[in-house]
Amino acid sequence: MAVALRQLTYAQAINEAMKIEMRRDPRVILMGEDVAGGATVAGFDNEDAWGGVLGVTKGLVQEFGRNRVLDTPITEAGFIGAAVGAAATGLRPIAELMFVDFFGVCWDQIFDQGAKLRYMFGGKARCPLVIRTMIGAGMGAAGQHSGCHYSVFTHMPGIKTVVPSTPADAKGLLASAIRDDDLVVVFENKMLYAMSGEVPEGEYVIPLGKADIKREGTDVTIVAISRMVHQALAAADTLQADGISAEILDPRTLSPLDEESILNSVAKTHRLVIVDEDNPRCSAATDIAALIADKGFSELDAPIKMVTAPHTPVPFSPPLEQFYVPSPERIVATVQEIMG
Amino acid sequence: MVTDQNVGDGTQTLDKSLMLRMFEQMLTIRHFEERASREFAAGKVPGFVHLYAGEEAVAVGVCTHLTDDDFITSHHRGHGHCIAKGVDVREMVAELLGREAGACRGKGGSMHIADVHKGMLGANGIVGGGFPLATGAGLTCKYNGRSQVAVCFFGDGAANQGTFHESLNLAGIWKLPVVYVAENNGYAESTPVTYHMSCRDIAERAAGYGMPGVTVDGLNVFAVYEAAGEAIARARRGEGPSLIECKTYRYHGHFEGDAITYRTKEELASYLERDPIQALRQFLQDQEMASAEQLNAVDQQVQERINEAWQFAEAAPLPEPEEALTDVYVSYR
Chain A
8 MAVALRQLTY AQAINEAMKI EMRRDPRVIL MGEDVAGGAT VAGFDNEDAW GGVLGVTKGL
68 VQEFGRNRVL DTPITEAGFI GAAVGAAATG LRPIAELMFV DFFGVCWDQI FDQGAKLRYM
128 FGGKARCPLV IRTMIGAGMG AAGQHSGCHY SVFTHMPGIK TVVPSTPADA KGLLASAIRD
188 DDLVVVFENK MLYAMSGEVP EGEYVIPLGK ADIKREGTDV TIVAISRMVH QALAAADTLQ
248 ADGISAEILD PRTLSPLDEE SILNSVAKTH RLVIVDEDNP RCSAATDIAA LIADKGFSEL
308 DAPIKMVTAP HTPVPFSPPL EQFYVPSPER IVATVQEIMG
Chain B
50 MVTDQNVGDG TQTLDKSLML RMFEQMLTIR HFEERASREF AAGKVPGFVH LYAGEEAVAV
110 GVCTHLTDDD FITSHHRGHG HCIAKGVDVR EMVAELLGRE AGACRGKGGS MHIADVHKGM
170 LGANGIVGGG FPLATGAGLT CKYNGRSQVA VCFFGDGAAN QGTFHESLNL AGIWKLPVVY
230 VAENNGYAES TPVTYHMSCR DIAERAAGYG MPGVTVDGLN VFAVYEAAGE AIARARRGEG
290 PSLIECKTYR YHGHFEGDAI TYRTKEELAS YLERDPIQAL RQFLQDQEMA SAEQLNAVDQ
350 QVQERINEAW QFAEAAPLPE PEEALTDVYV SYR
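Respectively, the protein sequence lines represent chains A and B.
In this text, residue positions in the first sequence follow this note's numbering: the first is 8, and each later residue adds one.
In this text, residue positions in the second sequence follow this note's numbering: the first is 50, and each later residue adds one.
Bear in mind the hints are in silico, worked out from the structure with no lab data behind them.
Bear in mind the structure is a predicted one, so any value in this text is a computation, not a measurement.
Be careful, since some hints might not be right.
Said to hold, decoys possible - Below, a list of computed lysine-lysine pairs in the BS3-like style, where the Cα atoms sit at most 30 Å apart:
hint, chain 1, residue 1, chain 2, residue 2
1, A, Lys302, A, Lys221
2, A, Lys131, B, Lys167
3, B, Lys224, B, Lys65
4, A, Lys26, A, Lys312
5, B, Lys167, B, Lys93
6, A, Lys131, B, Lys93
7, B, Lys167, B, Lys224
8, A, Lys312, A, Lys302
9, B, Lys224, A, Lys26
Using the sequences and the accompanying hints, generate a full structural model.
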C-alpha cells in the first residue's frame, strides 16, 4: 500500500503523532505547563489557546478534554514525578518539560525515580513515560533556555534518548516512544519546529535504535545529531563541489545507539567526523568517537574529529551564539583537514 | 477512643476480628524489625537498614483501610508499610539478604523494597522522593474512576523538601484521591523537629493546599485508623486529598549502627511505656475481646512465621553475578 505523503512542519508532525497515539490508546495522557494553555476555560476563545509555549500541542485539549490534556502549575518536580507515578500505576503519560535546561529542578524524579524504578524493583515494574523537551541554541534564549543536554540523559541507564532531525522522523520516533514501555526522552530542537518536510499520513512508527543515512557518500562519514544533520547536509554540498563525497549519518536515537550502522559507514569511508551541538565533554560526540576508536580503529585512515559547541553555557548576543553553534563552514574545514 | 462501633464516615466497622488482625500485623512488623536488628548486628544483612519498631500503629492503622487495588509510597523506613500492605515477609527477608527470591530479586534491598502487584510502590532512598510518585498514582486512581486511593507515607524530615509543597499543591488543584500521612517521629536523622520545622505541626501546612489536616496520636492505632478512615473515604468519594500527621516515635536509631547520641534514655523509656502494641494488647484484654493466652498464641505464631521467613531466605540462592545486567529496560533494541 502506498503511503500518502504531504508536507508538514516538524511541530505539526509532533502534534499529529500525539493525536494519533492518543486516539489509539486511551491510557495516553499529556501533561505540562501550558499544554492546553487556557483552552476549554469558560469565556475563553479555544482556538486562540496557547497549546504549549510554542504551540506544539495546540488543539489536543479540544479533542481529548481536560482529563487527558492537563495543564500543570510551574512545578516540574511535582508533575514530572507525578508522571512517573502515573506511569508505574498503569497510565502512559507524555510529560512536556518545556526547556531541557529545566531538568535541574526535577532531576531526582527523572533520574532517581523514573529511570531506576524498574531496576530497583527487580524488573517487576514499568515506567512507560515519554518526556518531550525543547533543546537548541539559535533563538537568543541564552543560558537557561538553549542547551541540548541529551548527553546527560544518555549517560543514565534506564532512559532512552531520541533526537529527531526531520518532520517525518519526529512523527515516527515520537509514536514509537509513546508505544515504548520504558522511560523515553524526546529532544525537540526548537530551531526545527518551522521546518517543513514530507510526512507519512496515519499511523507511522520508526523503531528506536535505528540510524538513518540522510545522504550517501564514500569519502567521509559525518555523524550528525538533531539540527546538526542540516548543518552537515549544507557542508556536504560544499564538499561535493570540492570533489569530496560525505555520508551523513543521523543516529536518530542516542540510547539505544545504532553502533552497527556507524561502524558499517566508517568501514566504507574510513574517516569520521562527529557534529554535535551539545557541550563536548563526556558527550554523545566523545561516546561515538570512543566507539569507533574501540571497535573500528583498523578502518580509520585519519584521526576522528569532533565539531561541537564549546565548553561554555549558551551565550546570548547573536554573534556569540552563532559562534557557539557548529556551522557548515566549521564542518567543511574539519573534513578538509582530515582528507589530506 | 474508638471501640467496637462504626467510625469515620460510618462505612468502616472496627470489630473484634479487625482489631485482632491489626494486633497481629503490628506484632509482625515488630518481630520482623527486631529480628532484622539482631541479624544486622551479627553482620548478616548487607547495606543500610532503617527500622520501624515503635511506629507500627501508623502503617497498620492506615493500611487496614486499603486493598491491593490501592497504592502506597514509602520511604527509608519502609518495612512496616510493606507488611501492612500485604507484601510477603519471606520475599522481604530474602530481599534484605540480596537473594534472587527477594521482592526485588535482590536489586533493591531494604531501601527500595517494593511490590507493585500489592500496590506497594517502593520504599525510597530519597527523602521526599515519594510525594510526586504518590500524587501520580492518585492521578491514575482518578483516571480509572473506580474509587482507588493512593497513600503517601513520609517522615517529618521530608516535610521540608520542595516535593512536599509541589505535590500537595498539585493534588489540591486536581482534587486527587491521595492521603499524605506524616510519620512525625521527632527526628530527621539526628535533627529534632523542634529545630528543623518552622511550624509546630506538619498538619498546619494543609491549609496552604486547601485540604483538611489533622494531627493524631500515632501511638494509638484506633486514632490513626479513625483519621485515616475519614480521609480515605473522602478521597474515594472524589472529594480530594488530605494530610494526616501521626505523632510517633522510633525505638531504634535512624539506621542500624546509629549510636543515638542525640536523644536521652529517659525519652526512649517514656515512649516504651506507651508502646502501641502493648496498649492494644491491654485494650483487647480489658474489653475481654481476647485472653492473654490467645494473644500470646498470636505472638507465638507471628514469631514462627518470621523464623520461617528467615530460614527460607537464608536457604535461598544468591543471584548470578550477570543478573546485574538485566531489568534496566523492558526492551533495548
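Just pull the numbers of the violated hints for me, sorted ascending.
Violated hints (numbers, rising): 3 and 4; every other hint is consistent with the structure.
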